[in-house]
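K.L.:
Sequence:
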Amino acid sequence: MRTARPSPTLPRVTTVGPPALRLRGVTKRFGDLLAVDHLDLDVPRGICLGLLGPNGAGKSTTMRMVTAQVRQDAGTIEVLGHPVPHEAKQARARMGVVPQQDNLDGELTVRQNLEVFGRLYRIPQRELADAVERALALAQLVERQHTTAEQLSGGMKRRLLIARGLVHRPELVLLDEPTVGLDPQVRSDMWGMIDALRSGGVTIVMSTHYIEEAHRLADEVAMMSHGRIVATGAPQGLVATHAGPVAHEFYGPPARLAEVEAAADAAGVAHRRTGPSVSLIGHPPPEWDGRFGDPVRREATLEDVFVLLTGEAVE
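So the sequence shown is numbered by this note's numbering: it starts at 1 and just counts up by one.
FYI, nobody ran anything at the bench for these hints, they're computed from the structure.
Since we're looking at a predicted model, the values are computed, not measured.
C-beta atoms are modelled at their ideal positions from N, C-alpha and C, and glycine is treated no differently.
Be careful, since some hints might not be right.
If you anchor each label on the Cβ, the simulated ranges turn out as follows [said to hold, decoys possible]:
no., residue 1, residue 2, range
1, Q151, A93, 36 to 46 Å
2, N55, R273, 12 to 22 Å
3, L33, R256, 38 to 48 Å
4, T76, T148, 36 to 46 Å
5, R297, V230, 24 to 34 Å
6, N55, T76, 25 to 35 Å
7, D42, L108, 50 to 60 Å
Take the sequences, apply the hints, and build the full model.
P.N.:
Take a look at the structure:
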């Protein structure tokens, strides 16, 4: 498996100073649907923030407001100090956007796709070739640079989308569900590429509904549900604060699992259904010894935290 390596030519971004992205009271409705509900969020410079939540939580709408594709109904957005949408042009010039959907020009080659975006971002002609070479190397697409985009595999297209969003060396990169629909091997390759950006000091905001993706890549996680941020913090810190170090899974037929849930409710023990089991967050009460069989002990996870705080499953 090939993974991207941090590039010495990537820009270094300091964490000192105002945040790269700041949202205050941001709200967006689509008819009767309240998609984003008075959202407050700060993203310090130089970190990777994972915006974690299920489909429909408001993640993509938030991304679209940050890029001024959608105008907020209320609240303020600042991108690298620029108020959006009033200074959206200046903000977009300093950030890169990687959409969830493939919008590559399929008839153009990999190199041509990068060159077109380089010109759109007004990279000087004398610098364009070097900028394209850097992007090709980061995306591991040097050998496919003369292949048309429509001939690329799904994973290669995602890498090209990221490279295209980086060709002008932005200070802030927005990744909207960067590995959705990819198989595990290709997803792992993409994680290597994203980690290379993070290691290079680029500020990243990444929306995802993959727990492992947020845990592996994000310095901080903002958990989003029904248009609101319900918790923020470092992944391990969120787990330690809200779930503790361990969980215990009880297995059995549906009737047995229902008994476990009822007993947990009566004892005031946090729990959640995890497929064919019930997970108790923490330790079972002493009086349960042997009552429901021997549980399987495991580490608590971000998914445990999300379900405890929202009552929703992430995926």
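K.L.:
Are the hints correct? Go through all of them and say.
P.N.:
Right, here's what the structure says about each hint:
no. : hint                    : verdict
1   : Q151 / A93: 36 to 46 Å  : 31 Å, violated
2   : N55 / R273: 12 to 22 Å  : 19 Å, holds
3   : L33 / R256: 38 to 48 Å  : 39 Å, holds
4   : T76 / T148: 36 to 46 Å  : 42 Å, holds
5   : R297 / V230: 24 to 34 Å : 27 Å, holds
6   : N55 / T76: 25 to 35 Å   : 27 Å, holds
7   : D42 / L108: 50 to 60 Å  : 38 Å, violated
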